[in-house]
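Engineer: With full-length UniProt numbering applied, the sequence shown has no gaps in its numbers, which climb one by one up to 568 at the end.
Calculated from the structure, these hints are not laboratory results. One thing to keep in mind: the hints can contain errors.
[What the hints assert, rightly or not] No more than 27 Å apart at the CA atoms, straight line, and that leaves these computed lysine-lysine pairs for DSS-like:
| id | residue 1 | residue 2 |
| --- | --- | --- |
| 1 | Lys444 | Lys433 |
| 2 | Lys508 | Lys567 |
| 3 | Lys226 | Lys444 |
Fair warning: this is a prediction, and the values are worked out from it, not measured in the lab.
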Amino acid sequence: MLPSILLLFPLLVAATSGFHVLERRDSAPAGFTRIGSPQEDQVLSLRLALTQGNITGLHDTVYAISTPGNSRYGNYLTREEVTEFVAPSSETLSSVNSWLASNNLTASPITTARDWLLVNMTVSQANALLVADFSTFQSDATNETVIRTLSYSVPAILKSSIEWVHPTISFPQAKSSRPPSSLKRPTTAASAQPPASSVSADCRMNSSWTPVCLQELYGIPSTPAKPTTDLFGVSGFDNDFANLRDLQTFLEIYRPDMNPNTTFGLITLDGGLNNQLPGGAGLTGNPDTQYAVGLTNGVPVTFISTGTLPDDLLVEMLDQANYLVSLENPPRTILNTETPQLESLLSSPQIAISMCNAYAQLAARGVSYIVQTNIWGAGSVPIPDCKSFDASFPATCPFVTAVGATEFNNDEPEEVASQFSGGGFSDLFKRPKYQDSAVSGYLKATDNTDSSAFNVSGRAIPDVAAIAAISWIFDGGVVDFLEATEYSATIFASIVALLNNERIAAGKPGLGFLNPLIYSNGDAFNDMKTGSNPGCNTPGFNSTVGWDPVTGFGSPSYPRLQDVCSKL
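When you get a sec, could you build the whole thing from the sequences and use the hints?
Structural biologist: Structural data, given as structure tokens:
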């Protein structure tokens, strides 16, 4: 019994000395084992999330400026105006800094709003400050170690000032595997051929969708975009790089009408790089930039490389969002196809809430932020004994646009839902009003799914969908085939970047946060009425008329979307 008593001791102290337990968990997540205690003088870099001043007011403003027909539509906020909403009160800042100073610690602000503070302290100081027991845990899968605690506390007087501290009880989540693909074997670039003239028939038969095929499928213009200063940002995390030489080869093969020397810009943060050495490119950054450049034809594309933080992918994503909010003129379209995180495996829901609030700030700035859902259907996990459907974050955040997957079956003439398209309902975020009518209609019209397996009142995903199968160039000129929802998101984001570019070239504001526009213009999409996304030993959800949790409203029709946008 002695070890159990020792583990409970910090909680007993917190309960008897004017401290409030901010977060706790009963044990480390499956796959992690406590192997001992770190050196007491080892330095930890802890982030304190302070209570934001008026986050509800920010959310209300986002919906107003993003909803067509509202008198404020398109009146996006400056970074200073966003700061006014999220900046902590002076009392909050004063009390938190005084508490730290009394423990001989100093905080550095991470954001201009000062709602995030960074404090470096030793393990010994952290244990004393937070009434915690920081220990070393090892991943059974990778043998990598992390320092975490199972609970931590703050003075009770500060419980309304500090929302959470990180990293504390949150453990890293392994990346999902992509579904196996045997549809095409790699070939050398020299033997690859441009698409034949009968594009539609060839694309349906070949299964992989090149830029020319996508132009015909979705009505995407092939002519160069009008020159503007607006940017299309493509995200890169965890040392997943984009190769310039591979882009040139891609354009030579698949867009011979474009200048093969067309390139992309680079933004780095948190020590990010863009390694151009052989083998340095990844399965995300490389195909994402190739299709972003190849589909938008003249829209300036920028690769945003965020450095790898120790076991902290979600904080990398949060840092990127906070950085973009701070820019005077952020890119109007941002693509993030990083592997989604399962909501049920998020050690702390607070990190998802904070990230979603950061995406709300981007929405307030007029940014269209686009992500993928997941690749394992309704269950979102390749686990045969899963008990309930598990939605993926950040797709479940109400302030991003989530993209599912479609496909063509053999030589069938119609696009249908892909069986691995992630979709479902959030357990963290309630359903936003903009999707009430569409989602309620689906739930009333279908009875194919056991509602006990998901939260019917949660934010529903996806919002839209697109083809998931692409051809790309990797490692010095090898042509390969890939299929996953992240490439669906890349295709849809490229279309949005073109629409934003057209509006800005015409002197209009960008589209900003897309979802209110999407849910009021469902007929601008190609409705998928066939297919399902089985998961957890169930048929999953069915694709049906109108919105559904497999393909959302369906795949984009550029001409119809262009017509909608021209009337805004």
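Engineer: All hints are to be evaluated individually against the structure, with a verdict given for each.
Structural biologist: Hint by hint, here is what the structure shows:
1. Pair hint Lys444 plus Lys433 holds up; C-alpha atoms about 17 Å apart against a cutoff of 27 Å.
2. Our distance criterion of 27 Å between C-alpha atoms is met by Lys508 and Lys567, whose separation comes to about 11 Å.
3. A hinted pair counts as satisfied when its Cα atoms are at most 27 Å apart, and Lys226 with Lys444 does not qualify at roughly 45 Å.
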